[in-house]
Structures are given as structure tokens and as C-alpha cells.
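Peer 1: Modelling step: build the complete structure from the supplied sequences, incorporating the hints.
Residue numbers (numbering that gives the first Met the number 0), protein chains in the order written: chain A, 0 to 254; chain B, 0 to 220; chain C, 0 to 340.
Check each hint, because a few of them may be wrong.
[Unchecked claim] Derived, one-sided and incomplete: chain A residues facing chain C with beta-carbon distance under 7 Å: (1) Arg1; (2) Ala5; (3) Tyr83; (4) Ala84; (5) Thr129; (6) Arg225.
To be clear, the hints were calculated from the coordinates, so they are not data collected in a lab.
Just so it is clear, CB atoms sit at the ideal spot from N, CA and C, and this is done for glycine as well.
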Amino acid sequence: MRGVVAIAQNTVREVIRQRMVLVLALFGVGLVAASQVLSPLALGEGRKVVTDFGLAGSSLLATLLVVVLGSSLLHKELERRTIYAVMAKPIRRSEFLLGKFCGLWITAAALIAGMFAIVLGVVTVSYGETPWLVLGAMALTVLELGVITAIVVFFSSFTTPALTAFFAAATIVAGNFADDLLYFGSQGAAPWVARATEAVYWMLPHLTVFNARGAVVHGIAVAPERLAFAAAYGLLYLMALLIVAGAIFERREFR
Amino acid sequence: MRGWGGMVVAVVLAAALIALSGMVDRADRARRGAAAREELLYYPSGVWVRQATLGYETAAADLAWLRGIQYYGEHRLSDQRYDMIGHVMNIVTDLDPRFTQPYVFGAFVMSQELGQPQRGLELMEKGMRANPEDWKLAFETGFLHYVGTHDHAAAARYFARASALPGHPEYAERFAAFAAQRAGDRDMAILLWKRVEATGNKYMQEVARRELRRLGDGAEG
Amino acid sequence: MSTIQDTAHRSGATALGGRGIHAVPTMPILSLEGLRKTYRDPMTLKPFTAVDEVTLELERGEIFGLLGPNGAGKTTTIKLLLGLARPTAGRVLLEGREPREPASRSKLGYLPENPCFYDHLTPLEYLDLTGALFGIAPAIRRRRASDLLERLGLGAHARKALRKFSKGMTQRVGLAQALMNEPRLLILDEPMSGLDPVGRSEVKALLREQRAAGVTVLMSSHVLAETEPICNRVGIMKQGRLVEVGTVSTLLQSGVREWEVAVEGMSDAVAAPFRAGGHDVERIGSRSVVRVRNGDSLQDVLRQMLQAGIHVHSVEPRRETLEEHFVRVLDGRTVARGGRS
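Peer 2: Rendered as C-alpha cells:
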């Protein structure tokens, strides 16, 4: 476990020292600028617009960060052979993978927290009221990012960065369309197509479980049981992915 | 994950994941059923537009809302034709059904600018179906009946509904009573428009001032 | 009490009942048995053997040089014994443990070939990470890290980002991280590469120091001059095979000696009979060098020269250097097998 912590720490440091502070700063500036520009145009709905854009932007940026940085994080170690020196230490490969996952997830969560703080700050200053309810959406977004990080780590355990980014993006899109997939599959296609789409439907992450942005913006709180359900589903899903990824990575040859 | 203990843990985890996936599946199917019904009632495209936003539907609704207002503003300065406003507000409310302002704004433009109060009322009905607990939508529907279709009985019904919903202001009850008594057309209308002038957005305020002038009570303010 | 139990346990394990506390297990620190690694070319799917039937045991406290040209299979062998690659056949034991067990690497230090460490860290941070991975307590690893950086001449650069490091400096950081856990076995892949002559002699001193402390060292190299003076034993790899293993002196004893007879003013006519006798004659200015291949004919050659009135300047026996031996081994016994390019 100490190996996992050390690797996670190092991963957080790596990402932070690269670009994260810049991303956060740009986001803050962008949000403040957007709220100044858009509010007067929104016919009194400026607060909703700023909150919507803030939540969507932070989740989108964090997802982008995880997919872009995550897809090359493992490959870079193999390419530059930094992993050789690390794997000569008494640590399992699955621990290394878990450390990378934790580091990336923690970084993404920190980014989300930072951006939500900016949203709360901007809305409070501009409209005199703090929309605390968005914290419920934040918790769900952090869980969603855990699943997305696990997806990225899973694909990167056996394929190239470009393919990892592609597969991860495809899975995220499909994860938002999971129920439609079932619908298409059932529309008069051949039975094996229906069965195949059904199988894919069951394997895909149902990312809609983690989306409460639309609710909190309209003042509807995220119920504790919804949060508990999402946490259970998200954690189980990402664990399943990490176990498979770990098994693949244990068997991988380093050239 | 070695030995029997690991196997048992793995099996339990897998079972739990499948069970939770089953619950998600049921929720998906329920939503799919509701969506399919709504699809038949309204637009064949609405639900698909919503899916295409990949979970960012409220932000997409805001963009459509901003575009709709821009459309209204542009045409107000030029040809005063607002044919597309109903379509735009329908998209906005498909994307974000809890966003109430577009129902009201769209309905008023259709009723007062296009002279199609019936289309405006349809949009309000859609809003009330999606937000049955929202007093404001019920109140504005009553308003539209009063000044648009001049159906005072219906107006009284909606004002009364608004005054029964949580969070309603005390004037909702007064309006219900006025309407029920079939208060003089002009007095009631002036009251209603004055309230809009005091509380609405800038476009609505302009509409209210124009209506008040038309009713001979434009000297306000 | 614990000492007695400990002793009993150890003596039980080694079946050496009466030897007391110093009954050290006879288990070799590193053993390779019939190790083979076959890769498949990802495009053509043609298999090629990078390491072929390598069997080797390291003795405690020796410095073993694994020699061979680039592509001979040295790095692959090292990867196999670290568990970075899995053998196709045969096995590796690190003090009796398989490399796949993390514990097998707890007393192992490894310097990769052309090492590359995390750009975003400073040497101090990197050594701290290394220490953490070894499970060394924070206070101890901090002290060890600064001591090692000082010892390797990086004290002034301890807080500089690794991305700004030259090849030689990176190599020193690599040595420092390999020594963080006070290893019993050091595996160094081309430790001298990238170092200037001063750096090389420092590393040699460091390795002798480690040997004196009882550390076993396996180092690979394709440059012989740097290994010859410090290695107790060397193994020569060629096309994946370990073709020769032995101490430097044994390997060279089997080499052919020759004598260089330097003479003054020998005309070509006079030199002709020597050439005819199978000896090389080389002219360098007014001097000529006659290379005599064996001791028996040396007497004849010298007698003929004196009789011909040639002034013999010097007679020098020449041993084969390891370098020449190496080249000869690689040129000579060609193994009929496809090697890795």
C-alpha cells in the first residue's frame, strides 16, 4: 500500500507541476469574463447561465484533463523507461497502476473542487447568494471522474495513447447514450444484434447516474440515497475495471 | 486477490455491480418510456437533441435561450416577426424542462406579439406538466387566459391553482378572487400589466408599458 | 531469546546444525538457470531469441562483468532477472525468490541503461520517492538521500529539476537511487556510459567500496577498458548466449602469447626468411617489428637475427588484452542462430 501512496503522490505532483494551475487560472478568468458578458443578455437568467456554464465547464475540463493526461501517463513511463527504475523496487505492477489511478483521480477531484469554488465565488459576488446545492452535483461529478479515470487507466494498460483517448472518449459518449443503445438494438434488428447491443449496454458505464447538474441549478438538492447509490455503483464499476487492468498490466512485457 | 478469499470478494463485488446495473437499467427503461410518450406529444427531435448534449443539457439550454433572446431582440428592431420563437423556446424547454422563464417568455411573445394565444397556452401547459409544483407557471397561465383569450373563468381557475401551490405570493389569491368576480376587464388587465412592469425582464416590461398605454393607463412611473 | 530462535531457524534451513550464528545460507545471491527469452516481431511474427540458455550463478561479494556488443542480450537478461520481462524458459532466483515477488527486490539496487527519471522532480524528491517505494522511514531516507547526493558530487544540484540534468549527472542520480536501500545486490546496466573519465574513475572507486562492504555487483558493459580493472569475473555474451565465463586471468591464460622483437635497420631481403617462417614483419621508420607467435621459434628467430648481424633493440612478450580476447571470441565462435539486431 505504501507503494500505491508514493506513486499516487508522484502522479499528483507530476500533473500539478505541468499544467493544472494554469488550467484552473484560465477557467476562473474565463468564467468571470463569461458571466460579465452573458448575464445582461440572459434576460434576468444570468445566475442560471453562469452556474450552468460553470458546472458544465468544470466537468468538461476535468474530463478532458483525465483523458488527455491519463492516456499518455502510462505510455510516457514506458516510452521514457522511467518505469524500469520504479518496477525494480519492491512494488507490484498492479500497485503501480492503482497509484497512477489514485493520483490522477485525486488531481481531477482537486481540479473540480477548485473550479466549483470559483463558480460559488463568482455567483456569490455577482448575485449575492451562494448556491450551496451545487456541492451535491460536485460529489457526483467527482465519482463520475473516478469512473472515467478508471476507463482511461484500463485502456492505457494495453494500448497506445491515441487509441486510449479514442476508446475512452467513445466510452464516455456511449455511456451517456447507454439507454438509447438498448432502444436502437430493440428496433427490429436481427436477434444477435439485439443481444450484442444488450451486452454492450450492460457493460457500459451509465454516466447519467452521476449527472445532477440540471437538478441543482434549479434548486433541487441531490438526495443522500442518490449519492449513496451513485457512490456504490461508481466505486464498484471502477474497481472492476481496475482489477481487469491490473491483471492485464501484470502480464505486459516491457521492451 | 489470491486464493478463495479473493474469489469470494470478487464474486460478491461482481454480483453487487450487476444488481446496481439492474437498478440503473430499470430507471433507464422508465425514462425511455416517459420520453417516448413525450416524443409523441411534442417533437420527434427533442429527446434526441437532449441526448446529444452528453449530459450538458442545461448549459445547452442556456445557449439556445441566449440565441432565442437574440432572435427576439433582432426582429424587434427590424420586421417585428417572431415566427420562430415558439420553436426555439420548445428546444430550450426540451433541453431543460425545469427552466421556467422560457415557457413564460415564449408564451407571451406568441400571445401578444403574434396574436396566437392558443400556441402560447400550449407552451404553458407543457411547462406545468414538467413543473406541476411551480406557482408562477400557473399564475402566468391565468394571466394569459385573462389578457389573451379573455377566458375569465379559466384565468380564475389558474390563479386559484397558483394560490394553492407552495411559495405563492399573497396577490395570487387576490387575483383569483378578482377574476372569479369577473372584475372589469380593464381594471384587472391594468393590475396584471402593472405587476409585470414591476417584476418582469426588460422586454416584458416594454410589452407591459405598451399594453398599459393601450388601456389608457400608461402614465405610470 | 530471539537470537537463539533465529539461529535455530537458520541452521534448520541450511541443515548445518552445529555451525552457530554464522551459519549463512548457502543460497546464491543470484542464479539464472537455462534462461531463455524469445520475442516475436510484431509485424512479421518471426520469433527471435534475445537470450538463449543462459546459466549463471553469482557469488557473494564479487563484481561480475557481463560483456558483449550492443544487441548481445545483456539488457534483456537484466530485464528478465528484474521481472520486467518474463522468461520463455528457465528461471531466475534472487536469493531464492522469483523476481515476480516484490520482496525479491527489497535488497536490490538497479541502474537502468541510459536512465531517465521523472523530469518534474528534483534529485532529492526522486530519492525520497525511491526510499518510499522501498518502505524506508522518512527521516532515514531524507538523510540517506542527502548523503548519497553529496557522495556522488550532486550536493549542489540537490534541488534542481532533473529535466535540467546532463547525461552524466543523470547517471549519478541513477547510482544514488540504486544505493538508497543499501542493497546486497547491485545490477548496473552500462554504468559508465555518459560519464567523463573523472566520473568513470569515481564510479570504479564507488564499486570497489561497495564490494569491500560485501555487496555483489552485476554490471553490463560493451566497453572493456572500464570493466577489466574492477571485475572479479566476466561473462561474454554473444547473440543471446553466454559464450564464456571466467576470471579475467583465466580467460587470458588461454589466449595466445606473442613476442615482439624490435630490430634496427633490417632490409626487406633480410626480413624475407622471417616472413617465410610465418612471422609478421612490420616496418616503422628505420625500425622493424617481428611478431613471433610461439616460444619455440623465438630462439631460432633470435639466433638467425644475431647471425645476420641485426641489432636487436628489444624483445617484449605480449599478453592478449581482454579486449583482444573479446574481439576474438566474438569473431571466432559464431553461434548459428539469429540474434537480436
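Peer 1: So, arginine 1 (chain A) near chain C? Judge it on the closest CB pair being under 7 Å.
Peer 2: 6 Å, holds
Peer 1: The hint names threonine 129 (chain A) as touching chain C; please verify it with the least Cβ-Cβ distance against 7 Å.
Peer 2: 36 Å, violated
Peer 1: Holds or violated: is there a CB of chain C closer than 7 Å to the CB of alanine 84 (chain A)?
Peer 2: 6 Å, holds
Peer 1: Taking the closest Cβ pair, is tyrosine 83 (chain A) under 7 Å from chain C?
Peer 2: Since chain C brings a Cβ to about 4 Å from tyrosine 83 (chain A), closer than 7 Å, the hint holds.
Peer 1: Minimum Cβ distance from alanine 5 (chain A) to chain C below 7 Å?
Peer 2: 4 Å, holds
Peer 1: Report holds or violated for the interface hint on arginine 225 (chain A), using the least CB-CB distance to chain C and a cut-off of 7 Å.
Peer 2: Since chain C brings no Cβ nearer than about 38 Å to arginine 225 (chain A), farther than 7 Å, the hint is violated.
Hint check: violations occur at hints 5, 6; the rest are consistent with the structure.
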